[in-house]
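Protein chains: 2
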Amino acid sequence: MAIIVQKYGGTSVGSVEKIRAVAERVIETHKEGNQMVVVLSAMAGQTDGLIKLASQITPDPDPRELDVLLATGEQVSVALFAMTVKSLGLEACSFLGFQVAIHTDDLYGKARIHNIDTDRIIKNLNEGRIVTVAGFQGLDGHGDITTLGRGGSDTTAVALAAALNADVCEIFTDVDGVYTTDPNVCPKARKMDFIFYDEMLEMASLGAKVLEIRSVEFAKKFNVPIHVRSTFTRERGTMVVAETKDMEKVVVTGVAYNKNEARVTITKVPDRPGIASTIFEPVFKAGIVVDMIVQNTSQDGFTDLTFTVPKADFYKTMKLVSAVAEKIGAEKVLGDEDIAKVSIIGVGMRTHAGVAKKMFETLAKENINIVMISTSEIKISCIIEEKYTELAVRVLHSAFGLDVAD
Amino acid sequence: MAIIVQKYGGTSVGSVEKIRAVAERVIETHKEGNQMVVVLSAMAGQTDGLIKLASQITPDPDPRELDVLLATGEQVSVALFAMTVKSLGLEACSFLGFQVAIHTDDLYGKARIHNIDTDRIIKNLNEGRIVTVAGFQGLDGHGDITTLGRGGSDTTAVALAAALNADVCEIFTDVDGVYTTDPNVCPKARKMDFIFYDEMLEMASLGAKVLEIRSVEFAKKFNVPIHVRSTFTRERGTMVVAETKDMEKVVVTGVAYNKNEARVTITKVPDRPGIASTIFEPVFKAGIVVDMIVQNTSQDGFTDLTFTVPKADFYKTMKLVSAVAEKIGAEKVLGDEDIAKVSIIGVGMRTHAGVAKKMFETLAKENINIVMISTSEIKISCIIEEKYTELAVRVLHSAFGLDVAD
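Protein chains in written order, with this note's numbering: chain A, 1 to 406; chain B, 1001 to 1406.
Hints in this document: simulated from the structure, not taken from any laboratory.
Keep in mind that a hint or two might mislead.
[As the list claims (entries may be wrong)] Okay, derived cross-link-like pairs now, DSS-like style, lysine-lysine, Cα gap no bigger than 27 Å in a straight line:
{"hint": "1", "chain 1": "B", "residue 1": "K1209", "chain 2": "B", "residue 2": "K1268"}
{"hint": "2", "chain 1": "B", "residue 1": "K1319", "chain 2": "A", "residue 2": "K52"}
{"hint": "3", "chain 1": "A", "residue 1": "K18", "chain 2": "B", "residue 2": "K1052"}
{"hint": "4", "chain 1": "A", "residue 1": "K52", "chain 2": "B", "residue 2": "K1268"}
{"hint": "5", "chain 1": "A", "residue 1": "K387", "chain 2": "A", "residue 2": "K191"}
[Unchecked claim] Here are a few chain B residues that sit away from chain A, every Cβ distance over 10 Å (derived from the structure):
{"hint": "6", "residue": "T1072"}
{"hint": "7", "residue": "D1144"}
{"hint": "8", "residue": "E1361"}
This structure is a prediction, so every number in the text was calculated from the model and none was measured.
Glycine is no exception: its CB is placed at the ideal position from the N, C-alpha and C atoms.
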């Protein structure tokens, strides 16, 4: 008998009617002879409502107590789901984080899972019950409730699948799988049948919102196959799996973009040891996440330093960096918010030469200027002018043979 | 340093503003040098909202899962309260039933407390924290969430006070104490300074809604002084305490009434052994709670049997009893919904003769006919016509010297 872990997000369980639809689907798969573990998020809007309540008390609520508060959202979902399954004539049982138990560290609001006790779940599965587990929550070493951060239910599902040695972890969402690129930008985007963990990690970190990045890391670490599929259809979605040598694979798997960054350039920086850390210290200290960093080769003892930050942190960064630039005697600080990052991803790059060349040529052919370049083993990212984003995505998608057949 | 357990009900914590007011009051008492344990109910309306959600799924939700659902209400309250106290600059910590732990049996929806671990609470009190505990909820032997039934937060508070050997358990409510009778019926009702456990038990079981009856039983068993007082004033309320021999006490403490019963009479019942159990068997089997039962002395081998049931169960009872009356050869079954029960309560009755006589005379003087009588050691109840209820309460209140001085 196969163990299947399914995760349904907030919109999938947003009302008692939707919970019933989910229950019927779960029962169907259960009746096909599978042992079912169902991880649920809070009903859509619940978590935001609770956060709003806390913010009426204080702008900075105590993290431990905020987790106690937020954990109620998933608790409501699993109780209603188990009731529904039982009202449909099958046996079911809900478990909260502390009951499983899902052991985490005590970083409230962004806790990490250490390990999971599976005895009670396995016992209930073997007794024929459909088991439902509250996503997003765990128990720390003090016996206190923790939450795993936004999107944490994905992580709960994958971690449970790993601990239970499940056959598959199915993530149900409002799209029908992982696409080669954003279908809203590129009508020829294709749903992938499968994608490797590393590629999915790059896609997620580059802005594809289908899977929470930590759940993919977990799946990779424990080799849990993830099936990303739609709550609203019965079609197969996309399998996220481990790389295998004999799998025939295209060189480039997907094209991603991100319009949410801004660029900061400091010109004529005196090139001496430790200068980069001097510049970035106030930025890091302010909790600003720096993405790409490019430093040109030094000319006559001076260099230009360029980096990108989230658009929301742009003005703050400009202020911090302008102060430090004056102190170290740099020439000036330039900023640009009208940029976008376009990336191609694929494990095939490791063994195929000329991928970068083809990317640059493809953009050049459309007169799209490349402002910055950053590469990893399985990804090439270019910063371009924002207005060219959609065009760049479409021509790259086409150039690397990703377009759906007409 | 004194340990004080305070319990606030749903209306007292019905909004973030009200929670802040409660927090400020708790902090005040804490700063006077007391160790504070605060038991909270769910915010007003929350529990009803959750029950409605469950009822949309099924009219008969699974009891275990219903408890998982309902327990979220108190969880929200304690998290918000602890946040509020911390935002006001003091240390606070919330605990749920499973964290304390409050161990109960597994009768979901009406669980009974077995015992309470106090280590974590005491440790936190000694570290200077204000401790808040979710009312109404516990943990059973399987590690599952239970709830104690409506009004269960009172029981949580008293049980915690007993386990912690607290100096007092303060129950905050929307009235300012326990009254000699319902002030809405009798304008001369007086707030009592104190009342004995046994009297409070009779008052509660006769319809006075100030305290949940199980919490009074608990308080009596463990000799926990309860202080019933108002959330909205600083006045002293009513102390519910153990009986002491030397305490000067009036003969009658209070007058209670209950309009929620109906009367059933079976005439000319053949008087033979086991006849009563034959008659009541189908009634008890249907889960109907029978209150007063009166059987007249047998005349020529026949007797009349009269009893009262909740009005909601009247028609069901009439149907069940009519069937059994025919079977046993009784004459007929009479029913009456227009009745009320008026009772006088007081431990002084044990040592004072003539109390019953005075009650009957007082009612007779107003031409109020007594339909049934039932007495216990500290209580006399009379069933009368419903329309005389208010009059009966007022004249009894006056006759036994309970009227407030003009």
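Hints versus structure:
{"no.": "1", "hint": "B:K1209 <-> B:K1268", "verdict": "38 Å, violated"}
{"no.": "2", "hint": "B:K1319 <-> A:K52", "verdict": "53 Å, violated"}
{"no.": "3", "hint": "A:K18 <-> B:K1052", "verdict": "16 Å, holds"}
{"no.": "4", "hint": "A:K52 <-> B:K1268", "verdict": "68 Å, violated"}
{"no.": "5", "hint": "A:K387 <-> A:K191", "verdict": "26 Å, holds"}
{"no.": "6", "hint": "T1072", "verdict": "4 Å, violated"}
{"no.": "7", "hint": "D1144", "verdict": "7 Å, violated"}
{"no.": "8", "hint": "E1361", "verdict": "57 Å, holds"}
Consistency note: the structure conflicts with the earlier hints numbered 1, 2, 4, 6 and 7.
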